[in-house]
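Model the full structure from these sequences, guided by the hints.
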Amino acid sequence: TAKNVVFYEISGAISHLESFDFKESPGNPNDIQVSKLSTGIYFPTNFFPNLTRVMDRVAIVRSLVSHEEVHLRGQYYVQAGRPLNVAFAKEIPSLGSVVASELESRRRESDTFPTYVSFNLETNQVGALSTGFLPPQYSVFDLNPQQALKGMSLDQKATELLEERWRVLEGLRAINRERMTGFGRGVDAYEDFSVTGKKLLTDARWPAAFQISDDDRTRYGNSAPGISCALARNLLRQDAGTRYIHICQHGWDHHRRIWDRTSDDNHYNLIRDFDPALAALIEDLAATPAKGAPGKTLLDETLVVFMSEFGRTPGPLNFIAGRDHHKHVFPAMFAGGGVKGGTVRGASDSEGRLCVDTGWNHKEQPRIENVVATIYSALGIDWSKEVHNTPSGRAYPYVDSLGANGIIPIDELSGIYG
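My numbering numbers the first residue of the sequence shown as 1141 and each following residue consecutively.
One thing to keep in mind: the hints can contain errors.
Calculated lysine-lysine pairs in the DSSO-like style (CA-CA distance at most 30 Å, straight line) [stated by the list, open to error]:
1. 1467 - 1176
2. 1163 - 1480
3. 1163 - 1503
4. 1338 - 1230
It is worth saying that the hints were derived from the structure and are not from the lab.
Next up, the structure:
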């Protein structure tokens, strides 16, 4: 159902109790204003005025559970689609790299942009994962959005110099090709990087993708998440090869003073950046006609996923006025890519502490593995595939059924499609 995926990682864990699975609680801030939306959910509309406009496009699965309850392992789990196993971590690729590998055969001659692009992955605890056993060409192209705006183009003289030096480099590579074949993946990675860089620097669409207007800054928010979402929109509009975009908004780990406006660091500040950025992205994708698909929009072709690595503890705030880590139930949200907006699957109890309805045809709660299966399925990738020629000889299933406590279902979350 989709050509593209945008994964927005709410890194550090937003409080689901005051956002996408609202619960009345002694820990709710006094200024929260909740309304019942047309979709049937109660939502803090004053905290999320922009997202309120697009919630009819969003499907929510409110019953996820995580294997992990610490950030480093949880953020690895989100990127890799499986819990961290230090014995094999070196050969495990990120989800985006698997997507890049699978979609390689669909790339056109005109596709010069990297298949897998991310923004701000450097800010979370694990950084950007490697390609593992996959070739380096499927690596993430991680960007700092503020730096990306400062310059992505060359003038005519620099372009001519680049082309001249490239011809010399290609000649040297041809002369040394046989001798260099035994040098391994390091040399291959360097050459892949060089080729990608050259294509980007000589493609006029690349610098065009990193131009945003004053209106964009106003609508998306002049923040790292806002600029990241605006640039993600631009990359997809160019239709130049980028198909998987991971946006990381780090900093949601508020064990203390979570709703204290006098604190420099609180959920209010992060919501202020998150709310306009994601809402504007969904609205703009919905307003952009899909290239080569009459009657469809870019949102029809793009699955947008946004979620944390886990939730936050329900009930009263802790002794330092914050909420701690809570893996037992938390939500994931989906829009576009054929998703039926307004769909709500699964439920937590009155406190948001435990799951009371898994929301699908299994007694087990869905997990990040099932989000991964959903992403693969939306892109037309067989999520049941296994790779057997890994360096360790251990099979790599695209979605691993071996969870921390035994076998888990690996189905997609098909209920979000209605």
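Which earlier hints can't be squared with this structure? none
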